[in-house]
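Construct the complete structure from the given sequences, taking the supplied hints into account.
From first to last, the protein sequence lines stand for chains A and B.
Going by our numbering, the residue at position 107 of the first sequence is 112; the numbering climbs one at a time, nothing skipped.
Going by our numbering, the residue at position 20 of the second sequence is 29; the numbering climbs one at a time, nothing skipped.
The set of hints was computed from the structure by calculation and includes no laboratory data.
Take these hints with a grain of salt, some might be off.
Which stretches of chain A does chain B cover? Using the computed rule of at least three CB atoms under 8 Å from a CB of chain B, they are [unchecked claim]:
1. 29-41
2. 65-74
3. 104-110
SDA-like cross-link-like pairs, simulated, lysine to any residue; straight-line CA separation at most 25 Å [claimed, not checked]:
4. K154(B) <-> F22(A)
5. K131(B) <-> A58(A)
6. K19(B) <-> I33(A)
7. K19(B) <-> R60(A)
8. K19(B) <-> I30(A)
9. K19(B) <-> A58(A)
10. K131(B) <-> I30(A)
11. K19(B) <-> K114(A)
12. K114(A) <-> Y83(B)
13. K90(B) <-> F57(A)
14. K19(B) <-> F22(A)
15. K19(B) <-> F57(A)
Nothing here was measured: the structure is a model prediction, and the numbers come from that model.
All residues carry an ideal CB built from backbone N, CA and C; glycine is no exception.
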Amino acid sequence: MMAEYLAALAAVLVAPFIGGVLMGIDRIVSARLQSRQGPPLFQPFYDILKLFAKRRMAANTFQMISVSVYLASMVLSLALLFMGQDLLVLLFILALGNIMLILGGFSVKSPYSQLGSQREVIVLLAYEPLLVCMVVGTYIMTGSFSAASIFGLERPLALSMPAFVITQALVMAMKLHKSPFDVSASHHAHQELVRGIYTEFSGPQMAVIELAHLYELVLLLGFIALFWHTNLGIGIALALACYGAVIVLDNISARMTTRWMFGFTWSFGLALAAANLAALYATGPLPR
Amino acid sequence: MGLIDIARSKSPWILHFDAGACNGCDIELLACLTPVYDVERFGIINIGNPKHADVLLVTGTVNKRSARVLRNLYDQMPEPKAVVAIGACALSGGVFHQCYNILGGVDSVLPVDVYVPGCAPKPEAIIEGVVMALGKMQEREHARKRGAA
Ligand code: SF4
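Set out below in structure tokens:
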């Protein structure tokens, strides 16, 4: 038990640095794809520090509560993953954080924030079934919802649940607000939405959100790495490959509508998930 | 120079407002974002949202209508912040300065930190203006800290 707590503590302390560097790489790669040079590697850290140092200008007190719960839920989810805890509980905590952020967006009268929050609800509805299906898949394989039980399997999950690697990559694109799924907020505010759900969060609140994003990124990559638990080197490579694919997708596609996104994930994504689940049912749990 | 100062100087997010320009200055300003000048190298992002912005870049003359919007945008920016006036019009009213509806330059409404002259100024000049504005912003912040201490 002690070792698990230490692993979780280490993950919580190290994750922002890994997430920040990965986001820095994302921004450089995106810039290069647009034949620009791009910002320094540590740009995400500069941004967060600067935002923390700005003076507070909250529209209401609930905003700070909402972003704090959002950050706490990301940190807790990451800790739970590294402690090998229940994946379903993890998903609920993750959703709770997202809903708090959405409520924070709704708590302000600004139409941009309102519209962004409404769309974020649809984004949540679009990816949540895919996450739940993945957990159901691991349950069929291991007979348990706990992340630790995956490590009891002999064969990597990716071999028996290949479709879920794709759906996890889709979930990552949606959760990171990458094109074509950046319907509720995008990284640059040059559209009808301004910055969508983030529009009204300023200074330190925005810094907390950005920090939570770093945790979120590591968490999403961790999910994918879990698909190759027998050799975590390959697992991490798989996760980074998915991240690379998401970055490329972001740069080659335009923003689509919420309706399209919803239809796409619930048809293509869920069909993939269902086909894979059916195959798992047919073969039954794997030998340990 | 502390960590915060470094972070501030490396991450200026800008907000661009066209108070009534002929669009010449705006084109030069947007040219800064293109691959040729790529201001993201310096961490500069055209954030387009006053609540996230650090530096307000104003082009064009201020007229009776845009003055209110300009003031509103400025008030929504959290401190520390800086204002840069770009182009002859934003400095003094330029070619429009005797029109019936013109109040004058940006400084008739807001405290301006840096004036970038030209009609229109080159992108290099605009980038330099932002850098100078950051310097002034830091100085003001330090003076405020000393005053509070
Ligand atoms: S300074 Fe010149 S280019 Fe700029 S807005 Fe005025 S007239 Fe147009």
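Hints and how they fare:
no.	hint	verdict
1	29-41	holds (count 5)
2	65-74	violated (count 0)
3	104-110	violated (count 0)
4	K154(B) <-> F22(A)	violated (30 Å)
5	K131(B) <-> A58(A)	violated (32 Å)
6	K19(B) <-> I33(A)	holds (15 Å)
7	K19(B) <-> R60(A)	holds (18 Å)
8	K19(B) <-> I30(A)	holds (17 Å)
9	K19(B) <-> A58(A)	holds (13 Å)
10	K131(B) <-> I30(A)	violated (30 Å)
11	K19(B) <-> K114(A)	violated (32 Å)
12	K114(A) <-> Y83(B)	holds (19 Å)
13	K90(B) <-> F57(A)	holds (14 Å)
14	K19(B) <-> F22(A)	holds (18 Å)
15	K19(B) <-> F57(A)	holds (14 Å)
Hints 2, 3, 4, 5, 10, 11, counting from the list given before, are not met by this structure.
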